[in-house]
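Protein sequences, first through last, are from chains A and B.
Under my numbering, residues 16 to 449 are what the first sequence spells out, in order.
Under my numbering, residues 395 to 730 are what the second sequence spells out, in order.
There could be a bad hint or two in this list.
Simulated crosslink set (EDC-like; lysine to aspartate or glutamate; CA at most 20 angstroms straight-line) [claimed, not checked]:
| id | chain 1 | residue 1 | chain 2 | residue 2 |
| --- | --- | --- | --- | --- |
| 1 | B | Lys503 | B | Asp631 |
| 2 | B | Lys503 | B | Glu596 |
| 3 | A | Lys223 | B | Asp703 |
| 4 | A | Lys233 | B | Asp703 |
| 5 | B | Lys503 | B | Asp490 |
| 6 | B | Lys632 | B | Glu607 |
| 7 | B | Lys680 | A | Asp153 |
| 8 | B | Lys503 | A | Glu311 |
| 9 | B | Lys681 | B | Asp490 |
| 10 | B | Lys503 | A | Glu448 |
| 11 | B | Lys635 | B | Asp535 |
| 12 | B | Lys559 | B | Glu607 |
| 13 | B | Lys503 | A | Asp309 |
| 14 | A | Lys197 | A | Glu394 |
| 15 | B | Lys501 | A | Asp320 |
| 16 | B | Lys559 | B | Glu545 |
| 17 | A | Lys233 | A | Glu245 |
Computed list of chain A residues with no C-beta within reach of chain B, every gap over 10 angstroms [what the hints assert, rightly or not]:
| id | residue |
| --- | --- |
| 18 | Ser17 |
| 19 | Ala28 |
| 20 | Leu32 |
| 21 | Phe145 |
| 22 | Val179 |
| 23 | Glu216 |
| 24 | Gln327 |
| 25 | Val432 |
I should point out that these hints are in silico values taken from the structure, not numbers from a laboratory.
For clarity, every value in this text was computed on a predicted model and none was experimentally measured.
Where is the CB? At the ideal position from N, CA and C, for every residue including glycine.
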Amino acid sequence: MSDFTRNALMFAALGGLILLTGTMQSWNSAILILNMGLISAIMALGVNLQWGFAGLFNVGVMGFVALGGLAVALVSIDPVGEAWNAGGTRIVIALLAGAGTIVAAVISYQRVAKGLNRTLVMLSILIIGFTVYRTILDPGVSAVEAVNPAATGFLGGLGLPVIVAWPVGGLLAAGAAWLIGKTALGLRSDYLAIATLGIAEIIIAVMKNEDWLARGVKNVVGLPRPVPYEINLQKSASFVERAESWGTDPVTASTIFVKLNYSLLFAVVLVVIFLMAQAALKSPWGRMMRAIRDNEVAAEAMGKDVTRRHLQIFVLGSAICGVAGAMMTTLDGQLTPGTYQPLRFTFLIWVMVIVGGSGNNLGAVLGGFLIWFFWVQVEPIGLWLMQLVTSGMAEDNGLRSHLINSAAHMRLLTMGVILLLVLRFSPRGLIPER
Amino acid sequence: MDVLNAIIVLSNFVLIPALAYGSQLALGALGVTLIYGILRFSNFAHGDTMAFGAMVAVLVTWLLQGMGVNFGPLPTALLALPFAIMGTMALVLVTDRLVYRFYRKQKAKPVILVIVSMGVMFILNGLVRFIIGPNDQKFADGERFIVSVREFKAMTGLPEGLAIKTTQGLTVVVAVICVALLFWFLNRTRTGKSMRAYSDNEDLALLSGINPERVVMYTWLIVAALATVAGVLYGLDKTFKPFVYFQLLLPVFASAIVGGLGSPIGAIAGGFVIAFSEVTITYAWKKVLKYLLPDSLEPSSLVQLLSTDYKFAVSFVILIVVLLFKPTGLFKGKSV
């Protein structure tokens, strides 16, 4: 069996699983799995770029995904004029002062000769800068947050179409990745892992606490959509007529129609990114990356600037995760910083890449869909399994109710088992690197 | 007098909590550092190993409480601790046998082992949630305070009170005992010496007839004990919640790296560095400054450098600073 038929069969099986969900559960949940699968596949492509191409161990995916989500709120929500008047300028000046402090500290570190003097100069710049930053920022923040806190209490966004937020999310993630890469990429792989783990937590902490930015844990709801609203479709006579001609009621038809619109948009993005990743992999640049991954010392001896190339691919991969994050928040229609969890947004993406086949873009896409499918479906399967196992027990048996109630936690267990089994018996994944 | 009051406020809100938290971090970081020294990978499943140990302790504590057993003024969890340690030991030996040993035999790259430990992390996390659920569990009992605020005020007549929780005192005492035992073991016993030799130079150790599987087994046993003790103490002092233990991974790793991965002394120092910086930077200093500064200079704001939610940021920044300026950590660690 050639590689092509093998891969085609695997994707066909995946399509079959989704179709099966459609017929056995509901078409709405099947298309939801498809949509989130498309987003997961893009995230997996981003991680695959970093890990599969360059061997960079990034466990901060969650942070970049969250930044993408933040971009949606910052781009698409209308600006809150009152809040800008109350303290917007103050906050902007404070942020500039904060950035200036860090730049000044870095410059002084580079310019002043090494020794006690340098440490003192740097420390005093940092302390003075921090005090100035806080004195300017704090009144601005409280003024902004006081503006109608139940509905706004933040600066709002730019009021642009939501699609613009997708590339902006990528840019935001890329910027953060550049900063992290600049400091942490020279370090060893474990240190990079811990550093990215930390930065992801910090990004989430900032998003949860800085209410003036995007309302923190109060969430931004009602983000604009790139697709029509169900309610408008149900009102439109032509749509209702068409739905009836298909033989479905207009409500179901409208929800499915909206979701299919999203699927189409996401599929376009996935195909574009996939083609770009494929082109990159086959280009001299991609071969250089893999050469660096396989033997850094040799690549360096050949005159390749390893740290710079690592920075490049780290930024690119993170940007892709940011785009995916923006798409996900658009699909959800709300930004909820409290829901970002490392197990779901970092480690699950890693499972996708490893299971699909690290180093192979097609593998990453397959892994993204497949693992997302299982992530969603393990819960009902687990519940069914538990009911089967406990069917012999009495109705009021404590163990029985505990097992049935805990079925939801089967997901993490299953993901761990899948990851370990793949690593052990098929370490190169379902579609190995060629 | 004011100075005395300031000192009391400081110890009540900063020094004592940081000391207890630092001890818990140090115990956790010791586990990470030992695995790194002997097995040569960063164990991402360590936080969940701590959660597992604490979970067994919680279950045994409930069992003992149900049987009417208690430990007088001390928490019953101390009686459950040996059982919890044995349970965790069994768990890590089984995971080593089923999972890690295969890759050790293959001489897999450290980063592969890290990914493998991610899989173990998922499984342990799921297991703990499956058995005890994702919610808060209270299992502390016995006396709540060694010194309570009211007693302290009555004793000294000062306006500021000082409280020392039993769990805080217990944490420090237990941590000191554990660390003393660990260092005695590493420096005085034959097995401990062979562990250090293996960590320093694997090939030389093998040449001198040290059995690597034995060394690895002892390492896992010690790590299980340390992780359980750290997990139980943290759970007693704060609360037991599976997700919190997962989040402890970051400060624990930061402690181990700041101290120098592979160096036990470094892990302890790192634990206290991280704990003290987290607490001091997120503490609102107004109350202390009120006593120290003249009335005219009394601060109007809380003088809190960062809100408490940014405590991860603190451990992270310290980590980055140490890595940039002293890449092997405060005490010379090793690099693979």
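Status of the hints after comparison with the structure:
no.	hint	in the structure
1	B:Lys503 - B:Asp631	violated (38 angstroms)
2	B:Lys503 - B:Glu596	holds (15 angstroms)
3	A:Lys223 - B:Asp703	holds (9 angstroms)
4	A:Lys233 - B:Asp703	holds (15 angstroms)
5	B:Lys503 - B:Asp490	holds (16 angstroms)
6	B:Lys632 - B:Glu607	violated (37 angstroms)
7	B:Lys680 - A:Asp153	holds (16 angstroms)
8	B:Lys503 - A:Glu311	holds (14 angstroms)
9	B:Lys681 - B:Asp490	violated (50 angstroms)
10	B:Lys503 - A:Glu448	holds (18 angstroms)
11	B:Lys635 - B:Asp535	holds (17 angstroms)
12	B:Lys559 - B:Glu607	violated (42 angstroms)
13	B:Lys503 - A:Asp309	holds (12 angstroms)
14	A:Lys197 - A:Glu394	violated (41 angstroms)
15	B:Lys501 - A:Asp320	violated (29 angstroms)
16	B:Lys559 - B:Glu545	holds (13 angstroms)
17	A:Lys233 - A:Glu245	violated (26 angstroms)
18	Ser17	holds (29 angstroms)
19	Ala28	holds (24 angstroms)
20	Leu32	holds (22 angstroms)
21	Phe145	violated (8 angstroms)
22	Val179	holds (30 angstroms)
23	Glu216	violated (4 angstroms)
24	Gln327	holds (20 angstroms)
25	Val432	violated (6 angstroms)
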